[in-house]
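> Just so you know, the protein sequences line up as chains A and B, in that order. According to my numbering, the first sequence is numbered sequentially starting from 1. According to my numbering, the second sequence is numbered sequentially starting from 1001.
Hints were generated in silico from the structure; no laboratory data involved. Among these hints, one or two may not hold up.
Beta-carbon label-pair distances, calculated as ranges [claimed, not checked]:
id, chain 1, residue 1, chain 2, residue 2, range
1, A, Arg102, B, Ser1052, 18 to 28 angstroms
2, B, Glu1069, A, Lys14, 45 to 55 angstroms
3, B, Lys1110, A, Glu72, 34 to 44 angstroms
4, B, Glu1039, A, Pro8, 17 to 27 angstroms
5, A, Asn53, B, Lys1110, 49 to 59 angstroms
6, B, Thr1020, A, Gly96, 30 to 40 angstroms
7, A, Asn26, B, Lys1040, 34 to 44 angstroms
8, B, Glu1039, A, Ser7, 16 to 26 angstroms
9, B, Asn1075, A, Phe12, 39 to 49 angstroms
10, A, Lys70, B, Thr1018, 24 to 34 angstroms
For glycine and all other residues, C-beta sits at the position ideal for the given N, C-alpha and C.
Residue-level listing of the chains:
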Amino acid sequence: DGGITQSPKYLFRKEGQNVTLSCEQNLNHDAMYWYRQDPGQGLRLIYYSQIVNDFQKGDIAEGYSVSREKKESFPLTVTSAQKNPTAFYLCASSIGGRGVVRQFFGPGTRLTVL
Amino acid sequence: EDKVVQSPLSLVVHEGDTVTLNCSYEVTNFRSLLWYKQEKKAPTFLFMLTSSGIEKKSGRLSSILDKKELFSILNITATQTGDSAVYLCAVEVDSNYQLIWGAGTKLIIKP
Chain A
1 DGGITQSPKY LFRKEGQNVT LSCEQNLNHD AMYWYRQDPG QGLRLIYYSQ
51 IVNDFQKGDI AEGYSVSREK KESFPLTVTS AQKNPTAFYL CASSIGGRGV
101 VRQFFGPGTR LTVL
Chain B
1001 EDKVVQSPLS LVVHEGDTVT LNCSYEVTNF RSLLWYKQEK KAPTFLFMLT
1051 SSGIEKKSGR LSSILDKKEL FSILNITATQ TGDSAVYLCA VEVDSNYQLI
1101 WGAGTKLIIK P
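Chain A on its own, in the form it takes in the complex (with noise of 0.2 angstroms):
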């Protein structure tokens, strides 16, 4: 089956502690992008890459960092610098280029800081 996986579903961090959320995608899609959605709020972007290799800063990249070292994998490392990381991330990816915009999603990640 053709999708978007994210794992861990669930992830608990201490104050302080760098992680990683993995997003893979076996969909053949050029372009991958890291949400965060909070309570009440729609979603916001993190980071976006439309090639392999490049990736762009979304609107609230601060404390974020990802690579894209491979067309189906986009990991988003969730840093100490973060100051408020508690949410749930969605990884998406789409064909890429201009107009074709339509997102797939991944179920998401719920980070939790102790």
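Got chain A sorted already, so can you dock chain B onto it with the hints?
For chain B alone, coordinates are given in the frame of chain A:
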């Protein structure tokens, strides 16, 4: 600043009722508007609208776009408890590859 506003933020109705969810936008270089349904985890795609006045329909759900008045509505007729979800609206702008998201409408259908 580009923005997308959804209303109401939450809505509780009884099974069988019809609901209308609203999405208004103020963006430069509009390209398309998308509706998603989010039940617990991954948002799932419902509709993509690019032209004014053309209704998109899927079963009991339908949506239409008004590019003059800058809004879209999502209608759900004969609601069922399975329609309970957060409905998200997003707008694509021409200047970059991003979607601008509304805060969502939380819809609760009571049996």
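> Taking the beta carbons of Asn1075 (chain B) and Phe12 (chain A), is their distance inside 39 to 49 angstroms?
With Cβ atoms ~41 angstroms apart, the hint holds.
> I want to verify a distance hint. Is the separation of the beta carbons of Asn26 (chain A) and Lys1040 (chain B) within 34 to 44 angstroms?
violated, 23 angstroms
> Okay, Glu1039 (chain B) versus Pro8 (chain A) on CB: inside 17 to 27 angstroms?
The hinted range 17 to 27 angstroms holds for Glu1039 (chain B) and Pro8 (chain A), with Cβ atoms some 20 angstroms apart.
> Quick check on a hinted range of 24 to 34 angstroms for Lys70 (chain A) and Thr1018 (chain B), using CB atoms only.
violated, 47 angstroms
> That 16 to 26 angstroms hint for Glu1039 (chain B) and Ser7 (chain A) (C-beta), does it hold up?
holds, 20 angstroms
> Quick check on a hinted range of 30 to 40 angstroms for Thr1020 (chain B) and Gly96 (chain A), using CB atoms only.
Distance hint for Thr1020 (chain B), Gly96 (chain A) holds at roughly 34 angstroms.
> Could one say that the CB atoms of Arg102 (chain A) and Ser1052 (chain B) fall in the range 18 to 28 angstroms?
holds, 20 angstroms
> Okay, Glu1069 (chain B) versus Lys14 (chain A) on CB: inside 45 to 55 angstroms?
At 50 angstroms between Cβs, range holds.
> Does the Cβ distance between Asn53 (chain A) and Lys1110 (chain B) fall inside 49 to 59 angstroms?
Check passed, 51 angstroms falls within 49 to 59 angstroms.
> For the pair Lys1110 (chain B) and Glu72 (chain A), does the Cβ-Cβ distance stay inside 34 to 44 angstroms?
At 42 angstroms between Cβs, range holds.
In summary, the structure is inconsistent with hints 7 and 10 from the numbered list given earlier, while agreeing with the others.
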